[in-house]
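**Q** Single-letter residue listing:
There are 2 protein chains.
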Amino acid sequence: MPLVNVDLAHAPYAIHIGRGLLRQTGLIRSLLPQPRVAVVTNTTVAALYLADFKAALEAEGIAVVEVILPDGEQYKTWDSLNQIFDVLLRERCERKTTLIALGGGVVGDMTGFAAAVYQRGVPFIQVPTTLLAQVDSSVGGKTAINHPLGKNMIGAFYQPKLVLADLDVLCTLPQREFSAGMAEVIKYGLIDDAPFLAWLETHIDALMAQQPDVLAEAIERCCLAKARIVAADEREEGQRALLNLGHTFGHAIEAGMGYGVWLHGEAVAAGMMLAARASQLLGHLAVADVARLERLLQAAKLPVEPPALPFEQWLEWMAQDKKVVDGHIRFVLLRSLGHAYLDRLDPDQLRRLLA
Amino acid sequence: MPLVNVDLAHAPYAIHIGRGLLRQTGLIRSLLPQPRVAVVTNTTVAALYLADFKAALEAEGIAVVEVILPDGEQYKTWDSLNQIFDVLLRERCERKTTLIALGGGVVGDMTGFAAAVYQRGVPFIQVPTTLLAQVDSSVGGKTAINHPLGKNMIGAFYQPKLVLADLDVLCTLPQREFSAGMAEVIKYGLIDDAPFLAWLETHIDALMAQQPDVLAEAIERCCLAKARIVAADEREEGQRALLNLGHTFGHAIEAGMGYGVWLHGEAVAAGMMLAARASQLLGHLAVADVARLERLLQAAKLPVEPPALPFEQWLEWMAQDKKVVDGHIRFVLLRSLGHAYLDRLDPDQLRRLLA
Ligand SMILES: NC(=O)c1ccc[n+]([C@@H]2O[C@H](COP(=O)([O-])OP(=O)(O)OC[C@H]3O[C@@H](n4cnc5c(N)ncnc54)[C@H](O)[C@@H]3O)[C@@H](O)[C@H]2O)c1
Ligand SMILES: NC(=O)c1ccc[n+]([C@@H]2O[C@H](COP(=O)([O-])OP(=O)(O)OC[C@H]3O[C@@H](n4cnc5c(N)ncnc54)[C@H](O)[C@@H]3O)[C@@H](O)[C@H]2O)c1
Ligand SMILES: [Zn+2]
Ligand SMILES: [Zn+2]
Chain A
1 MPLVNVDLAH APYAIHIGRG LLRQTGLIRS LLPQPRVAVV TNTTVAALYL ADFKAALEAE
61 GIAVVEVILP DGEQYKTWDS LNQIFDVLLR ERCERKTTLI ALGGGVVGDM TGFAAAVYQR
121 GVPFIQVPTT LLAQVDSSVG GKTAINHPLG KNMIGAFYQP KLVLADLDVL CTLPQREFSA
181 GMAEVIKYGL IDDAPFLAWL ETHIDALMAQ QPDVLAEAIE RCCLAKARIV AADEREEGQR
241 ALLNLGHTFG HAIEAGMGYG VWLHGEAVAA GMMLAARASQ LLGHLAVADV ARLERLLQAA
301 KLPVEPPALP FEQWLEWMAQ DKKVVDGHIR FVLLRSLGHA YLDRLDPDQL RRLLA
Chain B
1 MPLVNVDLAH APYAIHIGRG LLRQTGLIRS LLPQPRVAVV TNTTVAALYL ADFKAALEAE
61 GIAVVEVILP DGEQYKTWDS LNQIFDVLLR ERCERKTTLI ALGGGVVGDM TGFAAAVYQR
121 GVPFIQVPTT LLAQVDSSVG GKTAINHPLG KNMIGAFYQP KLVLADLDVL CTLPQREFSA
181 GMAEVIKYGL IDDAPFLAWL ETHIDALMAQ QPDVLAEAIE RCCLAKARIV AADEREEGQR
241 ALLNLGHTFG HAIEAGMGYG VWLHGEAVAA GMMLAARASQ LLGHLAVADV ARLERLLQAA
301 KLPVEPPALP FEQWLEWMAQ DKKVVDGHIR FVLLRSLGHA YLDRLDPDQL RRLLA
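Each protein sequence line maps, in turn, to chains A and B. Just so you know, we're using UniProt numbering here: the first sequence kicks off at 1 and counts up by one. Just so you know, we're using UniProt numbering here: the second sequence kicks off at 1 and counts up by one.
Extracted from the complex, chain A is given alone in its bound form:
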């Protein structure tokens, strides 16, 4: 079973990738400071997996408090966080009670943030149930909620004690969500791993069919890449910013269309195409490179064109990005497919790209 270690000096942790992990709660038991957890999930995932997961935990002698939130990015808010706190306080959960996120990136980001700030910090475990969460959001310790004026604007860097990525749960994931996760998978190839990009082109059909061995390899390679980047730059002061390839455009798309209309991964896919086209404008990528990326995204059933948004709105939303430094937006661009770097784009270039 693949195992990836995230080597953070102050708080190393392991990512387990495999089948049937939701029932292997011994991995969880051994890490708990107290045989008590609060499982945070949403209505959709609860209906599918909570009963089994809870039974497995209880079979290990672990007392389980449940928090079931409504499903959707629009609920990634303080109100939902407060629902978690209400339950934790009502049930008198203490600083030793571990929070477990059972769900996709929305549940993971909120639960992680709740764990970061409940009583100034309690232990936290990620059990990601979407492809996107398994390859990206559950690893690295970024947690957040949205603010009406900006996505993920309120949050913390807070690392889990353990990540369990169970391949079996992906079979119930809607196709569109699986594809959204593929956007982040492809992103890792683009950033700094040309061989992985080529591997993805070869295996894209097997991946889309969720062949377990291929899927496990893809998830492992993504987690290895993310773990390496995060260990080198936990607080996003340098290299980690490359993980935002496609995201400055993507966030503008998500915000401009209204959160939840485009999935995060869909917006990132269109955003990566824009980053590729910008890199072509700058003379780094050839037409054929851009076409190659377009084919791969299409094979993953992802959008390759951004929605039509007024130029002012693009600027407006992109300026809200956390990557803004001294008033300038830093974009992640491509020197080649498999080599990302940070640079500015001037207003003229942006206009040509987005008009």
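Wrong hints could be hidden among the right ones.
[Stated by the list, open to error] Simulated coverage check for chain B against chain A, where a stretch passes if three residues somewhere in it have a Cβ under 8 Å from a Cβ of chain A:
1) 77-85
2) 89-95
3) 115-129
4) 145-159
Simulated from the structure, these hints should not be mistaken for lab results. We put the CB at the ideal spot given by N, CA and C, even for glycine.
Please build the complex by placing chain B with the ligands on the supplied structure of chain A, with the hints as guidance.
**A** Okay, now just chain B with the ligands, sitting in the frame of chain A:
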């Protein structure tokens, strides 16, 4: 001018104590990653000091965004935090914008928490304007807001880059607030510094009259004590818990009476009396010791008797305390005046004490 260093390995910082510091904004300027700050304060403090402080900052070429919150412990909530975020986002404050708390512990705790989570963390400076904030809340990095089910339940450990304790601003502090701060001052003597306790007994009248040199020495000694304890145990896993002398009882008083009815320091004073009486029940303190503490608190114009709360309510509120471990409340008790330690109290002992 007294200077106390807080020696945290990952983020050391200095506490300056003296007169006229509000105008010495050069100390702030040299620490800013960007010549831009957001000053968070409340209506009361803004009316007294914001114009001067802002003018001094602007004279250093620093752009200032203001956030003026309503005054009071009852506003130490998510709503107030959101007012801070609204302004920061509207004004497009970035990760390099420094937040400055200008006010007492309420403003300091909220601003610190806002800084901890805005865009996952921005720099933060404390300019405490109450005695309590100067000797206690501004030092050590505990930040929080209240939840309807518990005080300071949501927060973070997040250290400031600098603390400026200006003695001059204390002259406008209402007498009752000054006394509340004295409770925390006396606490430091009780915990582990019998000579300081004796010094306080000698100088209590000069202190209550706010004689600058005596006041400066008291604040410095408190900050030295707190800095030492915090550096040894940043995340309150051991020794730092001793700083909660009087606080488990105190929190129950604050909550039981409704936040804001008793001042925090007043509740802590009555709480320290209860801790002393409990220590007497256990045979550690003599009647004369308890009387000595009572005299000092009275000289500082602090309450020495708790309000009448039903016993169940005491238990209810104390059980919400963050010092609860495995269902047991750990109390800070006294082996002698000047030597605190952690222990449980059984229900019988509590009943005798509180009934
Ligand atoms: N923290 C990070 O580093 C990071 C990185 C990338 C994305 N994110 C965040 O992640 C979020 C997106 O995550 P997501 O794509 O997982 O979305 P999501 O959490 O909304 O999950 C997508 C949908 O799939 C459902 N679902 C989850 N698991 C399922 C399963 N096994 N079977 C059937 N349905 C299932 C969910 O209920 C939801 O309806 C965004 O909020 C984004 O900001 C965070
Ligand atoms: N973070 C920590 O480690 C820590 C430690 C102790 C207490 N606290 C928190 O601190 C808070 C209490 O702090 P506080 O006692 O400073 O209360 P506070 O902030 O409410 O201030 C008391 C009152 O004095 C006013 N004020 C402040 N400065 C003034 C000045 N110079 N002149 C005139 N009026 C002034 C305020 O507007 C307020 O009305 C509580 O919320 C408590 O939980 C935190
Ligand atoms: Zn993403
Ligand atoms: Zn206190």
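**Q** With reference to the structure, classify each hint as holding or not holding.
**A** These are the hints, each one checked on the structure:
With 3 residues carrying a beta carbon less than 8 Å from a beta carbon of chain A, the region 77-85 of chain B meets the three-residue requirement, and the given coverage holds. Judged by the Cβ-Cβ criterion of 8 Å, the region 89-95 of chain B is covered by chain A as claimed, because 5 of its residues qualify and three suffice. Check result for the region 115-129 of chain B against chain A: holds, 6 residues qualifying (beta carbon to beta carbon below 8 Å, three or more required). For the region 145-159 of chain B, the assignment as covered by chain A holds, since 8 residues bring a beta-carbon within under 8 Å of that chain's beta-carbons and 3 suffice.
The structure fails none of the hints (numbered hints given earlier).
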